[in-house]
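**Q** Next come the chains, spelled out residue by residue.
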Amino acid sequence: MASVITSRYSRQGLWSLFLISAFPLHLWTLILAFRDISWLTERTNAWDAIGVLSYGLLVAFVESVVIFLVIALLGFLTPRQWESDRRITFLAFLVLITSVWAIISQLLFLWNVSLPTWAIAYLRQSDHPVRIVYGAILMVVMPTVLLPAYSFLRTKKAVTVMQDLMERFSLLAMFYLFFDLLGVVIIVIRNL
Amino acid sequence: MSNRLNRRDFLRLASYLSFGLALPPLAKTLNPPQPLQGNKKNVIILVFDAFSAFHLPIYGYSRNTTPNISRLAERAIVYHNHYAGANFTTTGTASLLTGALPWSHRAFQQYGEVQESFVNKNIFKAFEDYHRLAYSHNPLVNVLFHQFIRDLDDYIPAERFMLTSEGFIPSLFARDEDIATVGWTRAMKKDEEGSAYSLFLSELYKSYQDHRIAAYKPFFPSGLPSVEPGNYFLLEQAMDRIADQLERTSQPFFGYFHFMPPHAPCTTHRDFEGSFRNDHLKTDPKPEDIFTQNRSWELLLRQRLSYDEYILYLDREFGRFFDFLETSGLLKDTWVVLTSDHGELFERGIRGHITPVLYQPVVRVPLLIFEPGREQGANIYSSTSAADLLPTLLHVTGGKPADWTDGAVLPPFADAAQSRNIYAMHAMKNDPRAPLVHASVMLVQGQYKLMYIFGYKELPDQAGRFELYDIESDPGELMNLYTKQNKTGAALLEQLREKLEEVNQPYR
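Sequence lines, in order, name chains V and B. The numbers in the numbering used here rise by one with no breaks, and the one at position 161 of the first sequence is 161. The numbers in the numbering used here rise by one with no breaks, and the one at position 394 of the second sequence is 394.
Next up, chain B with everything else stripped away, as it sits in the complex (with noise of 0.2 Å):
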């Protein structure tokens, strides 16, 4: 295959590889999608992982990363102070599928899981009379989603959009396919892991499965999109599937579909490489940070150019997946959402979102509300968090409230309550069964942020760290304002260590 293939035939091969099945792309819709049975609307959930909202143009970035996404805003509610719950998957997406905040829902760390209790205070519970279908690149979300398959109707394993997935597997495993996809990766895949438990057929795997995704490589000249080492995707793809699952299933349908880009690696489609290499992106180096990874000003930008390349792409497909809902007639009956689960540092020399540091870039992500019929756009500035989302979708489509949450209605749909706390945090390495000891706190009230980092060895005060920033003038947390300002650092750090002794009450 050469590199003279057009879209068309891009399209029509990835199709063709998972299973063999020839699906029509997301602009041709064949059939009519199902009707809607009732009142109820439907609603999607997409999530794009590591997305921070310092890389949008309709939160002030200078770089046009969102062409689609910054038009479709014009007839969106734009959230431009949203807060993811951590700066990591696993925390940050229990927080948006609980509607709780972590010292709640308790997944702090990679692979974790939510709290007993909270196995069945879940959004896909909460729209139990919904068909609920729920989708990951991601296998740190897989895992919560296995916490509530009972709760979810089509549950499709990550596998199944990956471009090495293998067809047989659905077809004689269908009821235990995503365990019978593990085994197979487990026996077959060397280079998830660097071993196989297959010593021969291993090594001819590879060379088959680098035989399948040889056509692709050309349309992505640093590698193609991956989850884990040998695990290829294409987002188009995965769009593709869903468009085509989303017709086919009843109505009303509850939808949570999380992708991979932009989080790393950055190996952004052949089109937009390059798109801003001689952009000359005006920002000025931080400070370096106690938790740096030691990357220079230099490496970050580079990286930074990478990430907001790969924006690109996603941007792309989230406007043709848009396109899809409009023509097909879709989004006249669906709430759409377009989030995170958290964002992503190139300052301080860290790049990534593991870190104990909760700067705004790591936590701030983008949140568009498309309403059914809504054409006029609306700009929301108050602070919210992703706790919020939960309830708020559950009061437009007139669902029954959940007594769970931490969240609260979000506006326009209810009033902004003015002094409203938003936290976030990261304890990865605090036992979730344990009280918070070792951990970092972002508590954002008005204009101010306070952040809160206790517990590791790395800080030269035992006592903690303690950063107080006014996030509207000094946006760029450049200026601590805790010896400063005293009083109102003191304030906010008297209302967080409240709260968390609230919190650590039932642990202790």
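Extracted from the complex, chain V is given alone in its bound form (with noise of 0.2 Å):
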């Protein structure tokens, strides 16, 4: 088993893979948090709104775990002779991808973005309403995946620009795991 993982993986490559994924899971909770916070702390006091604080980086903690296992083990279906570092960086551009789009879909609800008046009415009057809208997210969203993946297979830059990026955000991602111990100890502290 570790032979295997091993084949195609280094062990600074899994921590670097591991922290790529606690990244944005950790700064959308903090984003919200942070926005939850004045709301928490008018209805109940400072002390809940950080205990809710701190049960959220537990639960992004958990995704953070949930989402690496997923990709690393997705890791197995690319090719057999991609270098480690080639592979963990197109790995992490998949999870900071995936989850722009999801922080994206968020934010439409949360700034209250809707279709324009002519796409609804168009919708209406169409058979295949959903059909539509998930072709049209389809044809944004694919784009932005298979463009990259492919200039990760043909060029070097493109493996460059990406570790360059990770080594930033790894770093902001330690905080980010600092935060979640604090956090774990402020729950222990208000469940004694």
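Result set (SDA-like, lysine to any residue): computed pairs, CA atoms no more than 25 Å apart in a straight line: (1) K206/B with V70/V; (2) K282/B with E472/B; (3) K206/B with I71/V.
By construction, these hints were calculated from the structure, which means they are not laboratory data.
Two chains, two frames, a set of hints: combine them into the complex.
**A** In structure tokens, the structure reads:
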């Protein structure tokens, strides 16, 4: 089992992949939690608001582990001849782009963005509105995944750019993991 | 799971859901209740949110919305002119819980709290030698519970009786269940706020939750009862759990239980769906108010129908709960109160209760008091207030009178004052720490009711809007007598303004 893993990943590579999985999930948790803090403080108190943030960070940590495991398993579907670095950066890119789209889908709701009236009117009169919506989403999302993926296959530069990005994000992710630790301490104190 | 689930299966399913514990349904009492310590009787207050007195046949409604309450009312003291302290949950419930009028407790806004000096002046504190329990489906009420939490022996978080609650939370985070639940909800439930901390697991969790509640959907054709999107509950489950808890609680106990029905969304059980569809309710349209929401009369009639059919559901559950109290033997040692925090309006282009107007349907609420051992009912027609409940319950249970309350002991436990003023108000847009300059206030004195609305930019006259009704001869409030009976109107307005001056004084 260990040899199967080491044939595809280095220890450092797996750690980087975990950090990059944790980064967007924690960032989004922190953004929303800080957005919630004022009303939570108003409804209860600051200590409870910190408590909610701590539970949120705990969930973010668990989600990071789950996403890391899923993406690491997906890595076994990549070409065997890829060197470890290319595989890690490619998987990291997949995590980031999927997270960005997941964040956008929530932001659209938070910012109350809806389809323009003409589009709604068009969908109403069509026979398959759901298929059309999904088709349109696919047309927007797919190029953002496929084009960079293609560049990973063709050029070394894409790998280098991604590695540079990963380094920066990993540093932030380390801070987030420290916050997770603080969150766990707070949760323990609250449950004593 | 098919539609062929019978009621027994349904209840069993309901009890399995949250914690994997199979609890006995109300009718089957397996354990005798804990013995009563001393002479003190238990107290149970059951509040059904947004339950207008205008929709109960015991108060003259033509639809038979409450067959069980009507049956049981024959053994109760029924208050026919009972007023909530306000027209929405926070303010109305704060009056119930503090025995104070809104201008005293100052919980004016959604998710508002009572002012600091009232934190130790609450109904739970007043019953401090009792085992005190509280539960509410409604998050606005839970904000108030949080303020009084030091005076609660058993605070049951709202999530505990929700269909989508998680059993691991009370097990893992027993000492911080409420905040752990809020944290979990914000992290995983996208439906409630439209966003979740979790980007991916929240999507999976939604599918899992949909799967969990799928079995109940056939029982509620218009949708499962819910508090907020994605927060589903069953009234029967909440009632069962509370009954189970009461059986295990040491006596005397004091329980305050606040249930969501018939508050919107009105999604009744399939047994009641369509019950009034073709009854051709006779009711005439009323003129649109300046605070209209532009709802047509036809739409209001349809919404009223859903509301009335939802009342049938709560009535059945109330009947079942009452039967449980009786068969378990608790009833003979328990004062039971049935009331509401505010009413609901289906007229003048308005549906709901968060509105500056204080017409009767939105402030007149049911009040029934079941006295231990009483077999013969009684009817009280004098006007009474939500603030009266606290002093009355203290009086009948032999408790020490509360010196902070704005209420009075209700008849027949004390003589009714003939010329007593009853107030209700709405001041959602008024700063609770400032004098009242943007509010609606109602004063009922005998047969007259004065409504005074001031500070709203919608008002044509910035001096305010004044309406005077003879609610005995004109219960529909169609004829504003303010200009015709200027003397009466002016006298009531003077009293009201004096009162406002008095209550504003500390905030100037």
